[in-house]
Amino acid sequence: QVQLVESGGGLVQPGGSLRLSCAAAGLTSSSYVMSWYRQAPGKERELVAAISSAGGSISYADSVKGRCTISRDNGKNTVYLQMNSLKFEDTAAYYCNAWRGGLPRPYWGQGTQVTVSS
Numbered sequence: 001q002v003q004l005v006e007s008g009g010g011l012v013q014p015g016g017s018l019r020l021s022c023a024a025a026g027l028t029s030s031s032y033v034m035s036w037y038r039q040a041p042g043k044e045r046e047l048v049a050a051i052s053s054a055g056g057s058i059s060y061a062d063s064v065k066g067r068c069t070i071s072r073d074n075g076k077n078t079v080y081l082q083m084n085s086l087k088f089e090d091t092a093a094y095y096c097n098a099w100r101g102g103l104p105r106p107y108w109g110q111g112t113q114v115t116v117s118s
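First residue of the sequence shown: 1, per the working numbering; consecutive thereafter.
Wrong hints could be hidden among the right ones.
[To be verified] Straight-line C-alpha distance at most 20 Å; calculated DMTMM-like pairs for lysine to aspartate or glutamate:
(1) K87 x D62
(2) K87 x E44
(3) K43 x E89
(4) K65 x E46
(5) K65 x E89
(6) K87 x E46
(7) K43 x D62
Keep in mind the hints are simulated off the structure, nothing from the lab.
A quick note: this is a predicted structure, and the numbers were derived from the prediction, not measured.
All chains, please: the whole structure from these sequences, using the hints.
Here you go:
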């Protein structure tokens, strides 16, 4: 059974930092494109960052470029999202996503809440 478990969310002041982690079980994450999505109340889920299976290709949403870094440790089956200079508008539930070719749909984690507030 595949499980993606996110952690590292919390309450942080504007300008602060958080590091989110997504631990994958039941799959070999090195075979998957791993992504972080977020969903704020009343808004659609949006892609934040994605990293290819070997880590050689990375992309970011324009809203987080220069502030966030996605990385992966395939030995630990874990993907990370380092978020710096957090803004109020970064407040959302953050979800981990794993996908590879041939899957009918990606796997999703349950999410971790990030709240940026003063």
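**Asked** Given the proposed pairing of K43 with D62, does the C-alpha separation stay at or below 20 Å?
**Response** holds, 17 Å
**Request:** Sort out whether D62 lies within 20 Å of K87, counting only the CA atoms.
**Result:** holds, 14 Å
**Message:** Next pair to validate is K65 with E46; report whether the Cα-Cα distance is within 20 Å.
**Reply:** holds, 14 Å
**Request:** Compare the distance between the alpha carbons of K87 and E46 with 20 Å, and conclude whether the hinted pair is satisfied.
**Result:** The given pair, whose Cα atoms are some 16 Å apart, holds under the 20 Å limit.
**Asked** Is the hinted pair K43 and E89 satisfied, with a Cα-Cα distance of at most 20 Å?
**Response** holds, 12 Å
**Message:** Against the 20 Å threshold, does the CA-CA distance of K87 and E44 hold or violate the hint?
**Reply:** Since the Cα atoms of K87 and E44 sit roughly 18 Å apart, the hinted pair holds (cutoff 20 Å).
**Asked** CA of K65 to CA of E89, is that 20 Å or under?
**Response** Holds: K65 and E89 sit about 14 Å apart, inside 20 Å.
Comparing the model with each earlier hint shows no violations; every hint is respected.
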